[in-house]
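Enquirer: Take a look at the letters that make up each chain.
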Amino acid sequence: MSQRLWNFLTSLKVTVVLLVLSTLLVFLGTLAQVHEGLWEAQERWFKSYLVFRRPGDVWWVPPVFTGGYTLGFGLLINLLAAHVKRFKLSWGKVGIHLTHAGIVLLLLGQLATDMFSRESFMRFDQGEGQTLAYSEAHREVELVVTGEPGADGREKVVSFTGKALRRKLPLQGADVPFELRVTEFGENCEVLSHPSVKEAATQLLTALGTLETKYAQLELLPGEAEKALENEGRLNVWKQALAAVGENDKNIVAGAARVVADPARGEKLREELKKRFKSQMLNAFQKIPPMQMANDRMRSMRYVGKELSEGRTVAVDALPASSSMGAGLQALVVAQPEVRGMDQQNTPYAKVELLQKGTSLGVWVVSPWLNLQEVSVEGRTFKIGLRNERYYQPFSLKLVKTTHEVYAGTEIPKNFQSRVFLENSTSAEKREVDISMNNPLRYGGLTFYQHQMGRTEPTGGKGTSVLQVVRNPSWITPYLGCAVVSLGMLWQFLYHLVGFLSKPRSPKTAVASAPTV
Amino acid sequence: MKKNIPLVTAAFALLWIFSAWRTPADKEGAMAVNAFARLPLIAGGRVQPLDSLARNTLLQIREKQTVNTAPWESGAKILTASEWLLEMFFKQELADTRPVFRILHTDVKGLLGLPLDADSNKQTDGKHFSWNQVAPKLGEVREEARRASAVEESARTPYDRALLQLWNSVGMYMRLQNTVQPQNAKDWERELQRFVEAVPAGREAAKAQQAGQPYDEAVLEKLITELQRASVMKEINASLVIPPPQPAEGIAGWMRTDETLFRIARGEPVPAALRAYASMGTAFRKGDAVAFKAAVDLYREQLAPYGHEVLKKCSREQVFNHLEPFYKAIVLYVLAGLCVLIFTLAPERLAFLRETARWLTLATLLVHSCGLIYRMVLEGRPPVTNLYSSAVFIGWGACVLGLLLERFWKNGIGVLVSSTAGFMTLIIAHNLALSGDTMEMMRAVLDTNFWLATHVVVVTLGYSSTFVAGLLAVLYVALGVFTRALTPEMAKSLVKMVYGIVCFAALFSFVGTVLGGIWADQSWGRFWGWDAKENGALMIVLWNALFLHARWGGIARERGLMSLAIAGNIVTAWSWFGVNMLGIGLHSYGFMSAAFTWLMMFVASQLLLIGFAALPQRFWRSSKLA
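From first to last, the protein sequence lines stand for chains V and S. Just so we're on the same page, our numbering is the position in the first sequence counted from 1, plus 347. Just so we're on the same page, our numbering is the position in the second sequence counted from 1, plus 36.
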């Protein structure tokens with residue numbers, strides 16, 4: 348039995364099967380990125396042991412498939428076992444051994460990277476002059492409770508990870524006189540302030556009301572048609588509405604007069620016009636230019652437009668509170684479906700109940716959309732909030748200058764560069780350094796890459812910059828692995844090439860014996 | 037006699053191509069079109085001659101570098117790109133009658149109310165249409181284009197794509213119309229003078245108006261009317277043709293014509309370039325070749341302070357455009373391929389044809405290499421910078437490998453591989469060139485010659501060699517199933533060739549992929565990010581490893597290995613083209629729907645060949661055991 352297992356483990360057939368599966372996995376995992384996004388597809392296909400088909404998957408997803416870890420470990424075991432069995436030291440084999448040793452290094456290196464590396468971002472969104480001593484996670488959030496500044500002038504921060512929030516564990520921090528209990532957690536939401544929603548709803552409802560009065564009676568239609576001539580958009584709606592009642596006159600005023608003459612057709616036209624103008628308004632409210640996604644008013648307009656067009660109502664004068672305390676009193680927190688695309692990001696929210704010695708102090712709603720909220724307990728003031736998880740560094744970076752160049756007369760980026768001032772109080776280091784594309788800063792076990800750059804209005808024309816911060820203690824393994832494999836392959840290649848070139852050949856044979864077709 | 041045929045053929049081929057290696061001269065007494073086409077401008081962020089702008093525009097709107105003035109009849113006058121550009125700049129009413137918009141989609145023609153079929157009575161070939169035919173329905177096209185561009189790329193219908201393509205062509209056409217003068221100018225030189233003269237009084241009036249003092253309304257009105265034309269031009273965003281007042285400002289200081297007009301209105305002097313183009317226009321419209329040449333020459337002299345390099349680069353690029361090395365290499369590869377195919381009919385009697393094919397391929401490789409090197413020098417870049425140049429380079433690498441094989445086996449197979457690979461990749465390159473300037477500037481993240489020279493070159497050689505192995509396997513199956521030419525010896529040598537090439541491919545694709553990882557680690561902070569292009573390269577490595585292990589383990593025999601090598605073609609094509617069609621990841625070049633159809637056809641053909649390879653021996657025409 349054990350002999351058979353050993354034969355199986357060391358079999359070249361198993362190698363070939365594993366390689367076929369690996370190629371297929373890489374192919375499927377790449378395709379999956381289209382629907383699942385890069386991050387999700389990576390977790391599901393490559394950083395897993397088995398991939399199962401889920402409801403809602405695209406047709407080509409098989410019921411079950413081997414994940415990246417299974418194939419990686421499979422290849423590793425097969426490789427090591429085969430070498431134990433067949434290892435022979437000879438000049439002809441040196442290349443093969445080196446190649447495989449390098450591949451082992453690469454596989455282990457990738458595993459270590461998966462386990463130990465961490466990516467985060469330093470966002471200088473206040474523009475030049477901003478100093479940061481921490482980076483933020485891209486996805487992971489933390490619930491924080493900050494106290495008053497202590498004797499050293501630094502405020503104490505107690506944080507709880509997103510994992511604890513999702514599991515709804517009771518949370519208790521050192522020196523915090525209350526317990527936190529998560530009552531609700533959502534992976535994605537939108538927060539809209541009551542005033543914005545109210546404004547948007549009033550605006551839309553008024554406009555819809557005006558519409559009703561404008562087209563209330565048949566006699567009003569010819570006059571409205573006349574007015575519509577001034578505006579191309581309105582003119583088009585009129586043309587479509589007229590066409591819907593079978594009137595194709597290019598002159599809409601004449602057409603309207605003709606239709607109105609017949610009350611039955613006139614009524615139909617009136618309904619068509621109202622329907623079309625209404626849906627145009629609702630649509631206009633729901634369209635947000637991508638650049639305006641962060642704008643509370645625009646989002647409120649979209650929300651209101653969507654609610655009304657789906658037949659729901661918006662209680663303008665009695666908007667519901669989303670919590671019993673804090674910012675949620677004046678805001679709607681609307682849960683959203685989770686998004687997965689490359690450029691899309693989820694913004695979670697949580698409803699947190701504060702308990703002091705078993706008595707509820709109320710429920711707060713927290714989300715990265717909202718600022719930290721003040722809570723007073725036993726005469727002490729705390730702030731609570733949900734924000735992207737922060738990783739503090741023992742040194743700080745200050746954004747000194749951003750450079751954003753494009754090629755003359757185009758929008759093609761030519762150079763993005765951030766000049767930062769690095770200050771480390773422990774080592775008394777103070778220096779300026781440039782970070783640009785292809786030129787990262789490596790410092791303190793971290794690497795800082797130029798990630799994004801912008802020059803936006805909210806910062807008053809100041810250049811903003813986002814650095815990607817990577818901690819990867821095993822970064823050296825792929826370099827070593829590659830060097831070893833390349834050396835091995837080169838050895839093998841040259842060894843055979845020399846053998847091939849020094850062998851005598853009779854070139855004519857092939858030609859001479861080729862028969863005619 | 038027969039002995040000399042190979043060398044003489046190759047010599048003729050080279051003569052044919054390299055005789056075009058000179059600066060195109062203008063005929064005495066004719067318009068100095070070529071001298072004009074050598075003038076510099078900045079388009080797409082790089083210095084290029086007007087000639088390149090004209091050719092690239094035509095390639096995109098008409099899919100050719102020339103203009104047939106009456107495609108509905110034979111023997112009509114053909115305009116070169118530069119001649120057409122002259123009309124576009126200076127005789128717009130004539131240019132607007134030239135059928136340069138290539139429109140094939142029936143619904144798009146329907147939208148524009150254009151004739152669907154060729155009809156010489158109506159003076160149309162049903163495919164090419166003039167601005168005058170398109171312009172009346174521009175409003176409708178704009179509306180439809182707005183709608184289509186809001187549709188997600190993968191969800192667009194062929195009609196949507198055809199329409200957006202037309203809208204893009206219209207934009208490019210309008211940019212040319214507004215490059216050196218406003219589009220509706222009749223006599224720009226005079227109109228410019230009128231504008232320049234209106235400036236001082238107009239400025240006075242504007243100042244007085246702002247200070248709340250009495251001013252001459254008519255004078256101010258006149259200046260504003262003139263500037264409105266410049267505002268319209270500004271919207272259109274043409275290329276930069278006016279050099280900065282101070283040569284030291286360099287490339288970044290070049291301006292569009294409208295920008296100069298605004299500067300003049302602010303009281304700045306009139307740039308020489310603006311006047312130069314205006315007087316070229318006058319001379320051209322009058323048909324005064326002498327005055328035109330004088331204006332071009334004068335402008336060239338005025339450009340002297342901007343550096344010899346700019347002018348020299350434009351001249352060189354014009355020579356390169358004129359030489360068209362890759363286009364002509366396609367013809368030669370076909371010739372070489374034909375020679376070797378005929379040779380296989382009677383290898384012993386027609387041995388000289390194999391020699392001819394070999395020499396011809398060598399000559400073509402020389403042309404191919406010269407083109408490659410010329411491009412590198414022009415761009416100041418390693419050979420592969422975009423999809424277009426990757427096609428050119430893959431073909432080059434495959435051609436070299438094929439000739440190496442031929443050197444060892446001398447049975448025509450290598451030459452066949454060289455010519456087929458060269459031909460196919462250059463055809464692909466030719467089609468890729470239809471999507472715009474092939475020497476476009478590199479985005480910041482790719483702007484590093486070191487990694488372009490190492491990672492990109494090595495990984496592309498990996499593609500080359502995997503394709504060569506696949507092509508050899510295709511030959512094996514095709515010869516075996518359909519002809520009697522596959523002898524046991526030949527089969528054996530083909531297997532050896534494929535094995536050798538796959539070893540080579542494994543080395544290159546692995547090293548290339550790994551270098552890519554190192555680049556990624558340097559630029560983005562991770563060695564491996566499962567990006568689509570990275571995954572594609574990894575698949576090639578895995579596939580080559582698979583081939584080698586299957587052979588070493590004796591798991592696949594002759595035909596099995598050949599099938600694996602053919603499947604390698606699919607893997608490589610996916611990595612090269614397929615991943616770009618996903619529209620995701622850091623490396624994607626955008627969705628290429630036309631190419632997608634071709635890719636699917638290629639995959640299907642390879643699968644079919646694998647199917648043939650699996651046919652039992654008795655269905656093969658070559659009986660290898662004989």
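Watch out, some of these pointers could steer you wrong.
Claimed, not checked - Pairwise CB distance ranges, derived in the manner of DEER restraints:
| hint | chain 1 | residue 1 | chain 2 | residue 2 | range |
| --- | --- | --- | --- | --- | --- |
| 1 | V | LEU567 | S | SER267 | 35 to 41 Å |
| 2 | V | LEU844 | S | PHE388 | 44 to 50 Å |
| 3 | S | VAL187 | V | TYR739 | 43 to 49 Å |
| 4 | V | SER626 | S | THR133 | 23 to 29 Å |
| 5 | S | GLY248 | V | LYS730 | 53 to 59 Å |
| 6 | S | SER267 | V | LYS730 | 47 to 53 Å |
| 7 | S | SER267 | V | MET462 | 39 to 45 Å |
Hints listed in this document are in silico derivations from the structure and should not be mistaken for laboratory results. Glycine residues also receive a C-beta, built at the ideal position from the N, C-alpha and C atoms.
Enquirer: If a hint holds in the structure, say so; if it does not, say that too.
Expert: Each hint, compared with the structure:
| no. | hint | in the structure |
| --- | --- | --- |
| 1 | V:LEU567 - S:SER267: 35 to 41 Å | 40 Å, holds |
| 2 | V:LEU844 - S:PHE388: 44 to 50 Å | 31 Å, violated |
| 3 | S:VAL187 - V:TYR739: 43 to 49 Å | 46 Å, holds |
| 4 | V:SER626 - S:THR133: 23 to 29 Å | 44 Å, violated |
| 5 | S:GLY248 - V:LYS730: 53 to 59 Å | 55 Å, holds |
| 6 | S:SER267 - V:LYS730: 47 to 53 Å | 52 Å, holds |
| 7 | S:SER267 - V:MET462: 39 to 45 Å | 60 Å, violated |
Checked against the numbered hints listed earlier, the structure breaks hints 2, 4 and 7; every other hint is satisfied.
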